[in-house]
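Undergrad: As they're listed, the protein sequences go chains A and B.
Residue numbering for the first sequence follows this note's numbering, beginning at 1 and increasing consecutively.
Residue numbering for the second sequence follows this note's numbering, beginning at 1 and increasing consecutively.
Note that the list lumps identical chains together, so a pair holds whenever it fits in one copy or between two copies.
Distance condition first, Cα-Cα at most 25 Å in a straight line; then the derived SDA-like pairs of lysine to any residue:
| # | residue 1 | residue 2 |
| --- | --- | --- |
| 1 | Lys-139 | Ala-67 |
| 2 | Lys-139 | Leu-121 |
| 3 | Lys-139 | Gly-243 |
| 4 | Lys-139 | Asp-207 |
| 5 | Lys-139 | Asp-4 |
| 6 | Lys-139 | Ala-81 |
| 7 | Lys-139 | Ile-73 |
| 8 | Lys-139 | Thr-218 |
No wet-lab data here; the hints were simulated from the structure.
Number of protein chains: 2
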Amino acid sequence: MTADFRLDRTLSAPQLEDVLRQVGAERYHIRHPFHRLMVDGALTRGQMQAWALNRYCYQATIPAKDAIILSRIEDRALRRAWRERIVDHDGDATSPGGIERWIQLARGLGLDAEVVASQRLALPATRFAVLAYLRLVEKRTLLEAIASSLTEMFSPQVIGERVSAILQRYPYIDADTLGYFTPRLTQAPRDVDVALAYVREHARTQDTQQQVVDALITKCDILWSMLDALHFAYVEPRFVPPGAFVPEDAG
Amino acid sequence: MTADFRLDRTLSAPQLEDVLRQVGAERYHIRHPFHRLMVDGALTRGQMQAWALNRYCYQATIPAKDAIILSRIEDRALRRAWRERIVDHDGDATSPGGIERWIQLARGLGLDAEVVASQRLALPATRFAVLAYLRLVEKRTLLEAIASSLTEMFSPQVIGERVSAILQRYPYIDADTLGYFTPRLTQAPRDVDVALAYVREHARTQDTQQQVVDALITKCDILWSMLDALHFAYVEPRFVPPGAFVPEDAG
Numbered sequence: 001m002t003a004d005f006r007l008d009r010t011l012s013a014p015q016l017e018d019v020l021r022q023v024g025a026e027r028y029h030i031r032h033p034f035h036r037l038m039v040d041g042a043l044t045r046g047q048m049q050a051w052a053l054n055r056y057c058y059q060a061t062i063p064a065k066d067a068i069i070l071s072r073i074e075d076r077a078l079r080r081a082w083r084e085r086i087v088d089h090d091g092d093a094t095s096p097g098g099i100e101r102w103i104q105l106a107r108g109l110g111l112d113a114e115v116v117a118s119q120r121l122a123l124p125a126t127r128f129a130v131l132a133y134l135r136l137v138e139k140r141t142l143l144e145a146i147a148s149s150l151t152e153m154f155s156p157q158v159i160g161e162r163v164s165a166i167l168q169r170y171p172y173i174d175a176d177t178l179g180y181f182t183p184r185l186t187q188a189p190r191d192v193d194v195a196l197a198y199v200r201e202h203a204r205t206q207d208t209q210q211q212v213v214d215a216l217i218t219k220c221d222i223l224w225s226m227l228d229a230l231h232f233a234y235v236e237p238r239f240v241p242p243g244a245f246v247p248e249d250a251g
Numbered sequence: 001m002t003a004d005f006r007l008d009r010t011l012s013a014p015q016l017e018d019v020l021r022q023v024g025a026e027r028y029h030i031r032h033p034f035h036r037l038m039v040d041g042a043l044t045r046g047q048m049q050a051w052a053l054n055r056y057c058y059q060a061t062i063p064a065k066d067a068i069i070l071s072r073i074e075d076r077a078l079r080r081a082w083r084e085r086i087v088d089h090d091g092d093a094t095s096p097g098g099i100e101r102w103i104q105l106a107r108g109l110g111l112d113a114e115v116v117a118s119q120r121l122a123l124p125a126t127r128f129a130v131l132a133y134l135r136l137v138e139k140r141t142l143l144e145a146i147a148s149s150l151t152e153m154f155s156p157q158v159i160g161e162r163v164s165a166i167l168q169r170y171p172y173i174d175a176d177t178l179g180y181f182t183p184r185l186t187q188a189p190r191d192v193d194v195a196l197a198y199v200r201e202h203a204r205t206q207d208t209q210q211q212v213v214d215a216l217i218t219k220c221d222i223l224w225s226m227l228d229a230l231h232f233a234y235v236e237p238r239f240v241p242p243g244a245f246v247p248e249d250a251g
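Please model the entire structure based on the sequences and the hints provided.
TA: Take a look at the structure:
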């Protein structure tokens, strides 16, 4: 394999999983400077608001993304398993679901829930990254659509870092506000098991394995570019695009 | 009309056109800091290369964008008119077309044509902006798809500024290298006439006029976000995303 993840032969399932983990180690947004600033406690309240407001666009689109994938799965057992993701984000009679929990996080940071939900102050780059994710699951093969969800392999680590650092270093944020993240720590590994089993079963040639790797890279790029846009608009050089959110503490 | 272009009544065709020009005056990328640096002669050769390499992704997608619109037009005369755009970009037996001219520009800046055409070193944010454009013309109404092309109302101005500044301030770039832009100065106004006539005919209610305005804003956001990404990666703070182009003169 080359430095930019070009495979040169067919891999065994464990070897493929190793490559996927290596993609994560190099390209998951845990390595992004904006995330580092967050866990170092270096972000202002306005910067945290900008993060929550923009990330909402991603959260709010997950059920649409998963419904598109659901519509493409022919196996009923897999559809049943995949359906859980929509329940997790949209909630049910007993639980509010991830999107509502994210609104709660945004509100805890002092944002207006209606403004966040309207997405009208989000950075265009955030919206475009999210639309690219939708387009990937619509247009690429089902294998690639499913593989693109595998960033969840790495999410417990980023959540762990984020939550403990935020509770320690941002005194105005409490555990209740961060309620979004707790269920994710068990949901994500369950989802990964389903997606990895599918990938293992359906990516048995060099070409399909390359597709899987590339889909995961694209998904890492999507998450990374969202932090690029936040960093550019709210950290350095702080050029907020026309019409986007301007924090009260922007100076 | 409010500051963020929310219409409060149905406009006459000239009033609608005024609002569209106002969108351009406020949100077209001629106002972006990266464009200002370019016309001030302040960009390095590597930064100019990054611009040409990324902008290629946009150029290369235009025929796909226009083919999607073409596939949605029911009026044969309008299809004939719209078809010209594809000819302009893909060329014919007598003329190389815009995409090939853009490759020539990139080559004139010292880039490898194959690398540029592969798009593999482009910024993910560039790709996502371009995909958002494709998704807009696929998923929104035909009126919105056509209206999104109206940034061409403003392109002769940006081209005029760009070409004269580049020839004056970047001694290593000659008029031949900038051959892409000359035909655009006549093609764009012709295209605008067609698109504006359609918009005038089909946007006669407040709702459809709002759709037209919003489509133009989204298109401005697409162009703007491409320069945001360039500025972030190559001007300040120069955080190049994993896998993207690194200019030789990056220091």
